[in-house]
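Peer 1: So the sequence lines, in the order shown, correspond to chains Y and L.
Throughout, this note's numbering is defined as the position within the first sequence, counted from one, plus 7.
Throughout, this note's numbering is defined as the position within the second sequence, counted from one, plus 537.
The hints are simulated quantities; they were obtained by calculation from the structure and are not laboratory data.
A virtual CB, placed ideally from N, CA and C, is assigned to each residue, including glycine.
Check each hint, because a few of them may be wrong.
Derived CB-CB ranges, DEER-like [unchecked claim]:
#1 Y:D88 <-> L:G553: 48 to 58 angstroms
#2 Y:N74 <-> L:Q554: 30 to 40 angstroms
#3 L:N602 <-> Y:T25: 26 to 36 angstroms
#4 L:N565 <-> Y:T34: 40 to 50 angstroms
#5 L:G590 <-> Y:K105: 21 to 31 angstroms
#6 L:N565 <-> Y:E59: 17 to 27 angstroms
#7 Y:A78 <-> L:S555: 15 to 25 angstroms
#8 L:V654 <-> Y:E59: 26 to 36 angstroms
#9 Y:S103 <-> L:F547: 29 to 39 angstroms
#10 Y:N65 <-> L:N602: 35 to 45 angstroms
#11 L:S606 <-> Y:A78: 24 to 34 angstroms
#12 Y:E22 <-> L:V654: 22 to 32 angstroms
So you can see what is in the structure, the chains are spelled out below.
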Amino acid sequence: AQTVTQSQPEMSVQEAETVTLSCTYDTSESDYYLFWYKQPPSRQMILVIRQEAYKQQNATENRFSVNFQKAAKSFSLKISDSQLGDAAMYFCAYRSAKVWGAQKLVFGQGTRLTINP
Amino acid sequence: NAGVTQTPKFQVLKTGQSMTLQCAQDMNHEYMSWYRQDPGMGLRLIHYSVGAGITDQGEVPNGYNVSRSTTEDFPLRLLSAAPSQTSVYFCASSRPGFRDRVNTEAFFGQGTRLTVV
């Protein structure tokens, strides 16, 4: 079974600075997808960024980028120019490519990010 | 476009009571899932379905029942509520990605906060 570990329960950063959230995972599979979800106080789960394991290039979405290290099974999220609206719980998630949909996501424990003005 | 709708948003139950958490999606997604979110544990998969009439257990299925009679609806039943089932419950849906490996993200409902006293 796959596992996802987020070792930082809480992180804080000054507004406009850069912060990196860590995620490691364990799997015996070679083909899979990784995701970062944002959960603001509204509880809504918002997809921030996704990475396909077969792609070596790190995914980027505006101020959000990942550092995907397949051999080390590491998938960190970097948020540049942090904004107050980035304050939320962030979850790292794994999906096997053996299933055709996203019905069996494996989540990490979450990291609560605080932005200091 | 409503997406994934969960009802109710909040619920308090007494130990031993039964109830059904409702989940409906209007995106014609074949795949649907139920997760529970607990502090320090992230989201854990309870049950999932890959189509009408087809369900399967996830990581933490005990104490919960599901059925899928239509593509749109995927209710979660608690037959005899226990304090250990106090949690936030999320329903999610997605579509098969065999034609499009990438575009299989999960869409989440707003969650149901359940307290069992």
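Peer 1: Okay, which hints does this one fail, numbers in order?
Peer 2: The structure conflicts with hints 2, 3, 4, 7, 8, 11, 12, although it agrees with all the remaining ones.
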